Amino acid sequence: MTLLAPTRAGHPPPAPPAARSGRRRLLPYLLLLPGAAWLLIFFGVPLVQLASASLYDPSGSLSTGYAMTWAVGNYPDVLQAYWPQFLRSFGYAGLALVLALLLGYPLAYAIAQKAGRWKNLLLVCVVAPMFTSFLVRTLAWKTILSDNGALVGLLRDVHLLAPDGRLLATPFAVVLGLTYNFLPFLVLPLYASLERLDPRLLEAATDLYASPVQAFRRVTLPLSMPGLVAGTLLFFIPASGDYINAELLGTPNEYMIGNVIDSAFLVRLDYPQGAALSFLLMAAILAVVFGYLRRAGTEEVL
Amino acid sequence: MRLSRWFADRWVMLVALLVLGYLALPILVVAALSFNRPSSRLSYDFNEFTLDNWRQPCATSDMCDAVVRSVQIGFIATVVATVLGTLMAFALVRHRFRGRSGVNVLIFLPMATPELVMGTSLLALFVSAGVPQGFWTVVIAHVMFCVSFVVVTVKARLAGMDRRLEEAAMDLYANEWQTFRRITLPLVLPGIVAAALLAFSLSFDDFIITNFNAGTTVTFPMYVWGAAQRGIPPQVNVIGTAMFAVALLLVGLSSLRGRRARRANLLTGPS
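Each protein sequence line maps, in turn, to chains A and B. Following my numbering, the numbering of the first sequence begins with 5 at its first residue and continues without gaps. Following my numbering, the numbering of the second sequence begins with 4 at its first residue and continues without gaps.
Same shape as in the complex, but just chain B:
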């Protein structure tokens, strides 16, 4: 009995590790290919080790322009979507009002709609309204699909918050604004930061919606898409690896902060 249970435990874990290996494999390949000198433009096989790609990541200057453009678009879209989404989350968690379920549907639908449909329908709108497509139509599109994810993320944080902390502040004669500044905002902030990071990564990596609304503007995913037909410069893998490293660093830092906060909690007693 004991032995079979022990085996069952390990069996699940073993499968899990294999699946994680499947998820990790392409990342390792991308990292390896960033050190590759391909035998030809259209070859995807590992050929020869080189550091050139890392030394000159911008050897193909179109690619770096595309990366910069993606960062700009991601930044603007993130700021707008985070503000709009956070306001909506507050309204939904903190207030009872008429039309609530309608708003919930409006927020849920973009997440349940295929990107393809959102991309093509925005294209249809811009074309029929005579709006020239480019940088700003991409920003508009990105804000649109990021807002729902911000709402959901901030809502989760708000809903899990202990209202009694705010009530305590009010009992101690803090006015509404002080309570918001000193209690509510600091408590919700991790949720807002998480939502912003999510929005940025969604925006930076979006291809389908962008592809329909970019006109001649080229973002990084669009550059890769175009290059896949003509031959991928190996520097694309440098960007892919660098993105991965930056994201990993952010996660590492936030978990370190979380650990320190937990330790502080242990010293001062649980909150």
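Next up, chain A with everything else stripped away, as it sits in the complex:
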């Protein structure tokens, strides 16, 4: 009965022959070693270095050197000095996220469920902004929102904007820029989830007398949750740490925490302060991310 002899066709990987098991066991570690070492040395170790730099004696300087004094006081100090920028970062990023969800969900849904043969073309349109440089496309908004531009002129004519009202150099411009720049990160995972949504489920819901709103809330939305979670995070993390939009489209009144950290490290050369701010930003974002993931389930994101 050779036909019934065990074959390799089963789905779980076949148990390796005993003679090779030593090499087999070592192989995954060899494959992982270079990459994992790179990440440990250039991602993990620097975080430790950043943490310790945030505890340096703030009276030192780059030229005289810093003394490690476990200056925990750096943290309350920077919070007191820069809490408006902190709040603004999360406020702007949160506002931009709401806007992006309002714009991105219909877009992802339309591409996944309604686009038919145009699906791939529309997907290319979604990622198209990323084909050109982040800074160059952000600068383009300076032209669009310019005081002499058509948009401001139109809004002034229909009295949505005061005759001397501006769009550029306002919080509106910064939030608009954030929404624009990170929208594709929200749309793509959302699309991936919605694409797997079987339209027959919606038909079934309708057959069972669900209104479109009910069908959306009870079928579409829950099934798109993995993409929604991943997309929200991929949007919110870079948006809250961004300072390019605030710098190019705003004024110092719109500065986010990134602008402060940039100047602490590169202009004022105040490393302890910059490090403490960076660390606080990371802690805040990690708290948001893990809090959110605990509620929404982690598996799909990894």
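Derived by calculation from the structure, the hints in this document are not laboratory data. Everything numeric in this text was worked out from a predicted model, so none of it was measured. Note that the Cβ used here is the ideal one computed from N, Cα and C, for glycine as well. Among the clues, some could well be false.
To be verified - One side of the interface only, derived from the structure: several residues of chain A facing chain B at Cβ under 7 angstroms: (1) P110; (2) T136; (3) V140; (4) S150; (5) F269; (6) V292; (7) G295.
With chain A fixed as given, assemble chain B onto it according to the hints.
What follows is chain B alone, placed relative to chain A:
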């Protein structure tokens, strides 16, 4: 009922097209500005049509130096990150081993960490270790943040692969190496190429991490950042438009190849 459903369908599509317009608008502006002769260095408004910027894209030579440097950095970082990331993806998809979840966290964390934190922490490391910042510290940084994206991309391709194809090869007396060369690699290659393209575009366009670790080395995004304070030469928009065109061309070519492959599949039967 039918009519309202028809309307609902079109309504979603209409919103989608408007949003796509919002996404496309700045690209059109960049393309238009590449033909602009600005009235002054600090003006961002369209002034007068000209072809000069395209005729002499390197009129400001610093800018072209910066572009070349970005390409060099992107190339080196892409090669290293793609190799490291692909090896890791194979380990994660094809092997069960102890410490797997730890490795997954190590790969996930750089993607969940704001660039600002990665940039400043690397700066803190290089400064305290006395490493002078420049070209190579930027390469190191770029490999670091590209690796995770390579792992995720290649992993997705590997996980979606039908293991039975390799099993069939082994049943037909191919040894492990032959199976890898003739079956596994060709099947995973699109994933690896996609990962490499992603890595290059991430590296080429990175500003925040680069800004903290470049020392006096100037990449293209850093050039634009510096120029934004002093006045942007219109040639920046030429580079922006050209980048867009090249990327679009690559996407077009790959979709054409995909279509041809699908057609071949139809002739020979589904794989």
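Outcome of the hint check:
1. P110: With a closest approach of 4 angstroms, the P110(A) hint holds.
2. T136: holds, 4 angstroms
3. V140: Hint holds; V140(A) Cβ to chain B Cβ min 4 angstroms, cut 7 angstroms.
4. S150: S150(A) check passes; min Cβ-Cβ to chain B is 6 angstroms, inside 7 angstroms.
5. F269: Since the shortest Cβ distance to chain B is 6 angstroms, the answer is holds.
6. V292: The hint is violated - V292(A) has no Cβ within 7 angstroms of chain B, the shortest such distance being about 10 angstroms.
7. G295: Check failed: Cβ of G295(A) comes no nearer than 13 angstroms to chain B, outside 7 angstroms.
Going through the hint list in order, the structure does not satisfy hints 6, 7.
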